[in-house]
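Peer 1: This is what each chain is made of:
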Amino acid sequence: MNSTVILDAAIYCLMGVTVLSLVRVIIGPEPEDRMIGLNLTASQVLAILVLAAVKLDRAIFLDVALVYAILGFIGMLAIARSMWSREKST
Amino acid sequence: MIWAIALLLLLGVFFGITGNIGVLRFPDVFTRLHAAAKCSTTSVFSILLACMLLKGWDPMTWRILVIALFFLITSPVSAHIIGRSAWMRGLMPWGRKHRSW
Numbered sequence: 002m003n004s005t006v007i008l009d010a011a012i013y014c015l016m017g018v019t020v021l022s023l024v025r026v027i028i029g030p031e032p033e034d035r036m037i038g039l040n041l042t043a044s045q046v047l048a049i050l051v052l053a054a055v056k057l058d059r060a061i062f063l064d065v066a067l068v069y070a071i072l073g074f075i076g077m078l079a080i081a082r083s084m085w086s087r088e089k090s091t
Numbered sequence: 059m060i061w062a063i064a065l066l067l068l069l070g071v072f073f074g075i076t077g078n079i080g081v082l083r084f085p086d087v088f089t090r091l092h093a094a095a096k097c098s099t100t101s102v103f104s105i106l107l108a109c110m111l112l113k114g115w116d117p118m119t120w121r122i123l124v125i126a127l128f129f130l131i132t133s134p135v136s137a138h139i140i141g142r143s144a145w146m147r148g149l150m151p152w153g154r155k156h157r158s159w
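Residue numbers (the numbering used here), protein chains in the order written: chain U, 2 to 91; chain A, 59 to 159.
These aren't lab readings, by the way, just hints derived from the structure by calculation. Note that CB positions come from ideal geometry on N, CA and C, so glycine has one too. Take these hints with a grain of salt, some might be off.
Claimed, not checked - Residues from chain A that keep clear of chain U, each with C-beta distances beyond 10 Å, as calculated:
(1) Gly-70
(2) Ser-133
(3) Pro-151
To be verified - To give an idea of the interface, some chain A residues facing chain U are shown, with a C-beta separation under 8 Å as derived from the structure:
(4) Ala-62
(5) Leu-67
(6) Ile-75
(7) Pro-85
(8) Ala-94
(9) Lys-96
(10) Ser-98
(11) Ile-125
(12) Ser-143
(13) Met-146
(14) Leu-149
(15) Trp-152
Can you make the complete structure from the sequences, with help from the hints?
Peer 2: Here is the structure:
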């Protein structure tokens with residue numbers, strides 16, 4: 002049992018599963034539903050990046066994953082803040 | 059050792075599938091938020107733990123540890139922000155006729 006095989010299996014399973022939360026981003030009736038889908042997609046892309054870094058043995062992908070996590074969190078803060086200020090102004 | 063890594067990866071994929079099905083199937087913003095927050099934290103953390111076990115004593119392990127700590131801090135915070143935004147906008151929780159508190 003090789004470690005590359007199980008890493009490949011996990012990467013493909015996560016890539017197939019992330020499509021479901023992207024479907025929620027597209028069809029979500031409320032803006033919060035789209036935010037939930039984006040948050041879940043960002044966390045799973047983070048997991049896929051770490052798995053690819055371990056599989057290919059490239060440490061640079063881990064820096065990309067960390068910056069992606071930080072930008073996803075700040076983007077979520079910015080979206081929530083803009084929705085809150087729009088709600089306050091109306 | 060390889061079986062522990064395979065078990066952790068299987069656990070991560072299982073929780074990922076469960077969370078995505080929950081996000082797709084639940085009827086309401088708050089229930090979807092519950093499924094997404096819990097399952098994404100568990101799935102990503104077990105996958106990062108499997109990667110740390112696979113790499114052993116390596117410089118990549120500590121970077122993965124930093125990513126895991128950051129994710130453990132920010133994922134509940136962003137879930138709380140989304141839930142608070144939905145609550146402040148006045149969305150009704152599923153199965154309730156009026157907001158009583």
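Peer 1: Work down the list of hints and note, for each, if the structure agrees.
Peer 2: Hints and how they fare:
no., hint, in the structure
1, Gly-70, "violated, 7 Å"
2, Ser-133, "violated, 7 Å"
3, Pro-151, "holds, 12 Å"
4, Ala-62, "violated, 11 Å"
5, Leu-67, "holds, 4 Å"
6, Ile-75, "holds, 5 Å"
7, Pro-85, "violated, 11 Å"
8, Ala-94, "holds, 5 Å"
9, Lys-96, "violated, 11 Å"
10, Ser-98, "holds, 4 Å"
11, Ile-125, "holds, 5 Å"
12, Ser-143, "holds, 5 Å"
13, Met-146, "holds, 7 Å"
14, Leu-149, "holds, 7 Å"
15, Trp-152, "violated, 12 Å"
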